[in-house]
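Chains as they are written, first to last, in the numbering used here: chain A, 51 to 497; chain B, 24 to 142.
No lab work stands behind these hints: they were computed from the structure. Among the hints, a few may not be true.
Here are the simulated distance ranges between beta carbons [what the hints assert, rightly or not]:
1) B:GLU59 to A:TRP398: 36 to 44 Å
2) A:MET337 to B:GLU88: 24 to 32 Å
3) A:LEU418 to B:GLU88: 53 to 61 Å
4) B:LYS28 to A:THR460: 24 to 32 Å
5) A:ASN218 to B:ALA33: 35 to 43 Å
6) A:GLU391 to B:GLU59: 32 to 40 Å
7) A:ALA93 to B:ALA33: 24 to 32 Å
8) A:GLU147 to B:GLU59: 49 to 57 Å
9) A:MET337 to B:GLN25: 49 to 57 Å
10) B:GLN25 to A:ASP98: 26 to 34 Å
11) B:LEU82 to A:GLU57: 32 to 40 Å
12) B:ALA33 to A:PRO237: 41 to 49 Å
13) A:LYS106 to B:GLU59: 15 to 23 Å
Glycine included, every Cβ here is placed at the ideal spot set by N, Cα and C.
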Amino acid sequence: MESLELEIAEWRSFVGRLPAVDGRDVEELEAHLRDQIADLNAAGLAADEAFLIAVKRMGSLDGLSREFAREHTGRLWRQLFAGDDQQRAAAAGRWAEALLFAAGAAVTVLVALLVAGFPAEQPDWLYRNAALLVLPFLAGWFARRRELPWRAWLPPAAAFLGAAVVINVYPFEPDGATEALAAAHLPVVLWFVVAYPYMSGSLRSHERRMDFVRFTGEWAIYYVLIALGGGVLAALTGAILEPTGVDPDAVANWVLPLGAAGAVVVAAWLVESKQRVVENMAPVLTMIFTPLFALMLAGAAVSYAVTGLGGDAFDRELVGVFDALMVVVLGLVLYGISAREPSQPPDWMDRIQLAAVASALLLNAMVLTAMAARIGDLGFTANRAAALGLNLVLLANLAVTARLSTRFVTGRGHLHDLEHWQTAYLPIFALWAATVVLILPPAFGFA
Amino acid sequence: MQIDKDLVAASATPLVLAILAEGESYGYAILRRVRELSDGELEWTDGMLYPLLHRLHRLGYVTPEWHSPPEGRRRRYYAITDDGRAALAGHKRQWLTVARALGDAWGGSDALRLAPGGA
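Here chain A stands alone, though its shape is the one from the complex (with noise of 0.2 Å):
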């Protein structure tokens, strides 16, 4: 009996190491498995034949994990893929890869920065076309790591080509908010359009569309840990040369711009094949962040209640803000789902999430209000409509979230419907992104 224990022992041990199994899962094979030695052993079977064949009919590791990583996709991404070792291996190894593209972006925006005159002069297509330069690059090194016939390499390159004419051949008036609003949400289009070669394609898919949201929210990361690693760098290379005569702005000027395109490529490559160190950092993140964040809602709410939004206090930088702070609390929200185990019934986590949520849409309601009553004095300016226009994605979006999100934690809905409901909203993000490069400019005639 005591080799029995042992041999359950060990079985667990290898059962618990499977990527897509957690704890709990194995107690509950491990229930499985003694049940049925138990019968095997009523039936007559000595303690070592029931536990072989009790285990034989679990059916073999390698299934059992495939099946389990299908299930729950979500585990599995702390653990890249769900192949065997040798195959996370051969794709963490493509290294050189994710580096040649990374180095392509760099040097297109070296040559970009050559051709403006740069640091002298800085004309405004350069900012215009700066994600233009970038992106491609990263479409491209997922369509390669992807292995994308070259078919699939085509809608992807269409987009690119087709928003290069667009940025540069609109007669954007100089210094108009028209073309600050069409360089501001350009870089949103295009990663829209880097999500064709990241989930190859499949488009529709619930569960690639949640994989490219979790990816963005781990890129995000990455960069900006990658971008605090540069700037503690530049600074001490910058003590550095000083001494030596060497200008060291004249360098940080040409490196950052370089580094973080290259950055760009690199993070992403750090996301797919460093998962398990982020892995650890997502949930701690949302954890600290979201109470804070609901708590500073919650706050700024009931002030703005009791003080009301007067019509001069209140301009566009406000509104700017305001959206700013609505992507963040979306941003949470998308995050907690992304990081969460699905199975969980609700806990104060989701809670908090929703009294953030309830609260911004508080806020936000009273933001359109009063940029309603202002908009109805001053009239539309492009300005005003982006704002409003966003504001009113925004908005759409975390009103079903707040009401589903209330039936998910009062126990009469379920976590699914959210990750669905928020899965089925990404392309709203896209069109409205385009709207404002595309259609937004002609509109106000690009003043």
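Got chain A; can you put chain B on it based on the hints?
Chain B in isolation, oriented as in the chain A frame:
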């Protein structure tokens, strides 16, 4: 008789839901019931049941809960929800349609005895 793998997979969801509609149960007991119902003809790899149960939970068709009876082992019990019952009804309609069509095609109502309320 070896039942085709795809057929086993396709029938797994309605079968599990139907068993849970009889009352809440846990993995091992569900498998025992499957063997019983099919006279041992339906052979599942035991481990595969659990990802299926987890999927049904994610879809909101079942709710899991750990029970530890005073004597005996701690187990995760699954109970069917209203959504689960609705899904089961949908599955039942589909299977009856398929069975009826096959029965008609093979001539005679005896070919497939799969009437509502029957086995």
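Violated hints, by number in ascending order, as checked against the structure: Checked against the structure, the hints that fail are numbers 3, 4, 5, while the rest are satisfied.
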